[in-house]
Amino acid sequence: MTDSLLSMILLAPIVAVVLLLFIPPTAKKSIKLIAAMATGISLLMTIYVYINYDNNLGGMQFMQSIPWISDLGVAYTVGVDGISLPMLFLTNIIGFAAVFSSWNINERPKEFFILLLILLTGVMGTFIAGDLFIFLLCYELVVIPIYIMVIIWGSTKRVSKEYAGMKLTIYLLIGSAFMLVGIVALYLQAFPAGMRTFSIAALSQAHLLGTLSQSFQIIVFLLLLIGFGTLLSMFPFHTWSPDGYAGAPTAVSMIHAGVLKKIGGYGLIRLGLLVLPAGAKFWAPIIIVLALGNVIYAAYVAIVQKDLKYVIGYSSVSHMGYVLLGFAALNTISLTGAIANMVAHGIMSALFFAMIGYVYEKTHKRSIDKLRGLAHQMPRIAVGFMLAGMSSVGLPGLIGFMPEYTIFLGLFKVYPFLAIIAVSGIVFTAIYILRVLQKILFGPRNYGFDAIPDAKGPEMVPLFVLGSVLILFGIFPQLLLGMINGTIAPLQSFLQALNNEPSLLVVWGGIW
Amino acid sequence: MNIYILYPEITVLLLTLLIVIMDLLLPVQETRRSLAYIAVMVLGCLFISLFYQYHFGISPYFYNKLFYFDNYAIFFKQLFLLAVIFTIMLSLDYADDLRYSGEYYAMLLFSLLGMMVLASANDFVTMFIGLELMTISFYILAAFKNNDENSSEAGIKYLIMGSVATAVTLYGISLIYGAGHSLDFNVLAAETRFFVPLMLTGIVLLIIGMFFKLSIMPFHMWSPDVYEGAPTPITGLLAMGSKAAAIAVFIRILFVAFLHTANYFLPVLAVFAAICMIGGNIAAIKQKNIKRMLAYSSIAQVGYILVGFCAASPQGIKSVLFYVFLYIVANIGAFAVLTVVDKQNKGTDDKAIAGLSKSAPLLAMVMTISLLSMAGIPPTVGFVGKLYLFLAVVEQGYIWLAFIGFIMSMISVYYYLRVVKVMYIGKANNDYINVSAAIKITVIISMLTTLLLGIWPQYLSVLTNFAAISFAL
Chain A
1164 MTDSLLSMIL LAPIVAVVLL LFIPPTAKKS IKLIAAMATG ISLLMTIYVY
1214 INYDNNLGGM QFMQSIPWIS DLGVAYTVGV DGISLPMLFL TNIIGFAAVF
1264 SSWNINERPK EFFILLLILL TGVMGTFIAG DLFIFLLCYE LVVIPIYIMV
1314 IIWGSTKRVS KEYAGMKLTI YLLIGSAFML VGIVALYLQA FPAGMRTFSI
1364 AALSQAHLLG TLSQSFQIIV FLLLLIGFGT LLSMFPFHTW SPDGYAGAPT
1414 AVSMIHAGVL KKIGGYGLIR LGLLVLPAGA KFWAPIIIVL ALGNVIYAAY
1464 VAIVQKDLKY VIGYSSVSHM GYVLLGFAAL NTISLTGAIA NMVAHGIMSA
1514 LFFAMIGYVY EKTHKRSIDK LRGLAHQMPR IAVGFMLAGM SSVGLPGLIG
1564 FMPEYTIFLG LFKVYPFLAI IAVSGIVFTA IYILRVLQKI LFGPRNYGFD
1614 AIPDAKGPEM VPLFVLGSVL ILFGIFPQLL LGMINGTIAP LQSFLQALNN
1664 EPSLLVVWGG IW
Chain B
117 MNIYILYPEI TVLLLTLLIV IMDLLLPVQE TRRSLAYIAV MVLGCLFISL
167 FYQYHFGISP YFYNKLFYFD NYAIFFKQLF LLAVIFTIML SLDYADDLRY
217 SGEYYAMLLF SLLGMMVLAS ANDFVTMFIG LELMTISFYI LAAFKNNDEN
267 SSEAGIKYLI MGSVATAVTL YGISLIYGAG HSLDFNVLAA ETRFFVPLML
317 TGIVLLIIGM FFKLSIMPFH MWSPDVYEGA PTPITGLLAM GSKAAAIAVF
367 IRILFVAFLH TANYFLPVLA VFAAICMIGG NIAAIKQKNI KRMLAYSSIA
417 QVGYILVGFC AASPQGIKSV LFYVFLYIVA NIGAFAVLTV VDKQNKGTDD
467 KAIAGLSKSA PLLAMVMTIS LLSMAGIPPT VGFVGKLYLF LAVVEQGYIW
517 LAFIGFIMSM ISVYYYLRVV KVMYIGKANN DYINVSAAIK ITVIISMLTT
567 LLLGIWPQYL SVLTNFAAIS FAL
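Chains as they are written, first to last, in this note's numbering: chain A, 1164 to 1675; chain B, 117 to 589.
Any given hint might turn out to be false.
[Claimed, not checked] Calculated cross-link-like contacts (lysine-lysine; reagent style DSSO-like; alpha-carbon spacing at most 30 angstroms):
{"id": "1", "chain 1": "B", "residue 1": "K462", "chain 2": "B", "residue 2": "K556"}
{"id": "2", "chain 1": "B", "residue 1": "K273", "chain 2": "B", "residue 2": "K181"}
{"id": "3", "chain 1": "B", "residue 1": "K404", "chain 2": "A", "residue 2": "K1195"}
{"id": "4", "chain 1": "A", "residue 1": "K1330", "chain 2": "B", "residue 2": "K459"}
{"id": "5", "chain 1": "B", "residue 1": "K459", "chain 2": "B", "residue 2": "K402"}
{"id": "6", "chain 1": "B", "residue 1": "K474", "chain 2": "A", "residue 2": "K1330"}
{"id": "7", "chain 1": "B", "residue 1": "K181", "chain 2": "A", "residue 2": "K1273"}
{"id": "8", "chain 1": "B", "residue 1": "K459", "chain 2": "A", "residue 2": "K1320"}
{"id": "9", "chain 1": "B", "residue 1": "K556", "chain 2": "A", "residue 2": "K1320"}
{"id": "10", "chain 1": "A", "residue 1": "K1195", "chain 2": "B", "residue 2": "K462"}
{"id": "11", "chain 1": "B", "residue 1": "K404", "chain 2": "B", "residue 2": "K467"}
Since the hints were made in silico from the structure, they are not lab data.
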């Protein structure tokens, strides 16, 4: 029973998709209810897994493995550890919220919810896959539903939705082409013919066997970095992200900014660091520099944006910089912070996009100049904005504080000078977040909006669910950090061993 | 002489003659659907019976090893049967409008016979007979729409270009015979004097002839026009059957007859594979007619298949077989949709397919999945196929080829998604498209196969491994 629990979490949306195929498109309410039920079931089971995961034991739990393709050495393997379980939880909570934030979709709802559920399945599969083949299958599964959702239900503002959708798709796919070449090379190199396997656990042992030479790891890690970096919107591969989010419908923006990007960070840790440690160590200085580009440059750009979605789009690019910083500092503290920050940013950006979606749906405006005093007419939505915004700034007591603090702590130990620059990014964050909140929420009452209702009924679900997680993990960060730490702390000696590997800095002659 | 191994060919021949005779007996006005149903039944039984012919150990052969009945041949025969069965299924409505629909089915079966002979051919004469039987049937089929300029143009163009290619091939074969004193693949394989100019010229001419048939860039000029002009189901069969048959015999020529020279021509093949993948995909971007787009995309697909050739290993051949199968399945879906659209909306350009997701949601879904399978996006089987191909070729050290392949297949998503976009957000000119039961069955089978094999390819992988061990590489 507990063996197949993860498979059941994965299958619940698929069952709902099959069910939805037979429901007439006019039965809009039943379609939405089925989608809500499927994501709800997945969420409940995920919470069960989360509670029953043994932090002290650490490592992969709830494992299930079935032989899949014999001649490639593929086995359908799923399992969660302290890195993937928070991600799985994040996916399900945002998925559940996304269904409710799309409650008012009345144009072709059947197709919308089918695609949404496929998308969620893909994301979940990526996080729980213990086999690289299954990982790839799910990884690329997500791209096409997003494209169709953007071009049908998206919105055309600064760029047309067709352009936004295609840009997003092609960026991610070309990035994944680099990753695929890297993975093909890794698969062939790691073990001799006849013993080859796609098992991530086995591949993580390959560098100990000495089959992966240092130069090989360096090259393959670069390929993976381009692939995952594009998905993570690493500077300078980030330009798809603000355009894509602006064009996408609310649910897609929520899932994309909330969880999909995190696949990039997750992949870098799971495949980049654990499988190719020498490669990770070599490229770490470059990642840090690019990450500073994310943190500072994207925050700078966010300050001057006029469209709400662009502000949050650039803000998410900026926040992913912190994740990269945490990754590239390569110590247990910073890694814990990076993973926790992915969760934190996921929750708050999903909440942000959900609230923007409501505002746009009700007022048909997204421009910051045209919105003001929303708190007068929509106090509930204003609460959502404030929660997400304060968490983004890093207010203690909300989810955003501890992860960022942990990252800086870890980073300061390795690169004190760069850490100071990175911390200054918080100032920019505060500038653009406070400016937006102040302009759209407060100020004199805008009488034009008097007739517009506040969020109510099903619309409250995303606010309630995401908001409560935001506060819960803010007050009890141990719920999150404890779990991550259970898996990251045993890596201490692994990371220590990396100190002897060369990095790009050595090549540069240590100018830093 | 164990003549029983000819039983698939004999069955198809008898079936063809039966259809020709019955066509004469039926009154002129009556529909020829009954003939099609008979053909589908018989071919279906033949398809299933071939599953029982896979064997371990020495393969049966006929007449001094000129005609092999190994697992490899059986696999390809099944593929051809599959392609022709579904072509007949999706021709049902289409053929009713043709003036000579009885002959239409007979010609389809003759081309099938040619393909089946090709799959087994182990010497140049048998190969030539199969090749001509197939292509001559296709010349006629391409021009089958009476009073249609494009169709006649396609037929004539195909005839002229095809004849030139045939002449080149035949000349190459004659030179090979002059140098090697034999036409038998096995005898030629034992021949050691390869590096006489006569032999090399012969091989080069033969390969050029095959490149024409496979429409490999830069020998592809005929294919977009022929694809566009030919009746839609025939375009489908051209893309699936004729290419698969040419690949079947090409593998035998390269890896049986000229195995010793393999090291010399494989780098050349790698270059042509790269040209096809880049050129085909880039040329496809600008096409507005879906059939023309698929013509260029099929050039790219053959490029991917050539990648598997370059591996020159059992894994490489296995990956080719795997890819040919999924390519045929994807094309069945795509051309079934195009046939319906062509009949109901009179055309296969963007305007005809616009808004298909509203007028026929099933067809739009199948088209999307088929195109994604060609692009190699999971969870379709196209992804697994490409993974097999590139794993095989990277193992031989051609990592640059895998690089081009992966990047180009992601670029191909651009024009495939353009079709998806037109289908999903274009404005429909027809509120409702009537889809016949035969088409529904065809597309559902194609779609489920593409998806199921994409998630769980174990059986196909075992079967293709089994077929690929026929080669001693």
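Now for the hints, and whether the structure bears them out:
1. B:K462 x B:K556: holds (20 angstroms)
2. B:K273 x B:K181: violated (36 angstroms)
3. B:K404 x A:K1195: violated (37 angstroms)
4. A:K1330 x B:K459: At roughly 34 angstroms apart (the allowed maximum being 30 angstroms), K459 of chain B and K1330 of chain A break the hint.
5. B:K459 x B:K402: holds (24 angstroms)
6. B:K474 x A:K1330: Holds, because 25 angstroms separates the two Cα atoms, which is no more than 30 angstroms.
7. B:K181 x A:K1273: The given pair, whose Cα atoms are some 58 angstroms apart, is violated under the 30 angstroms limit.
8. B:K459 x A:K1320: Roughly 39 angstroms between the alpha carbons, so the hint for K459 of chain B and K1320 of chain A is violated.
9. B:K556 x A:K1320: violated (40 angstroms)
10. A:K1195 x B:K462: violated (38 angstroms)
11. B:K404 x B:K467: holds (9 angstroms)
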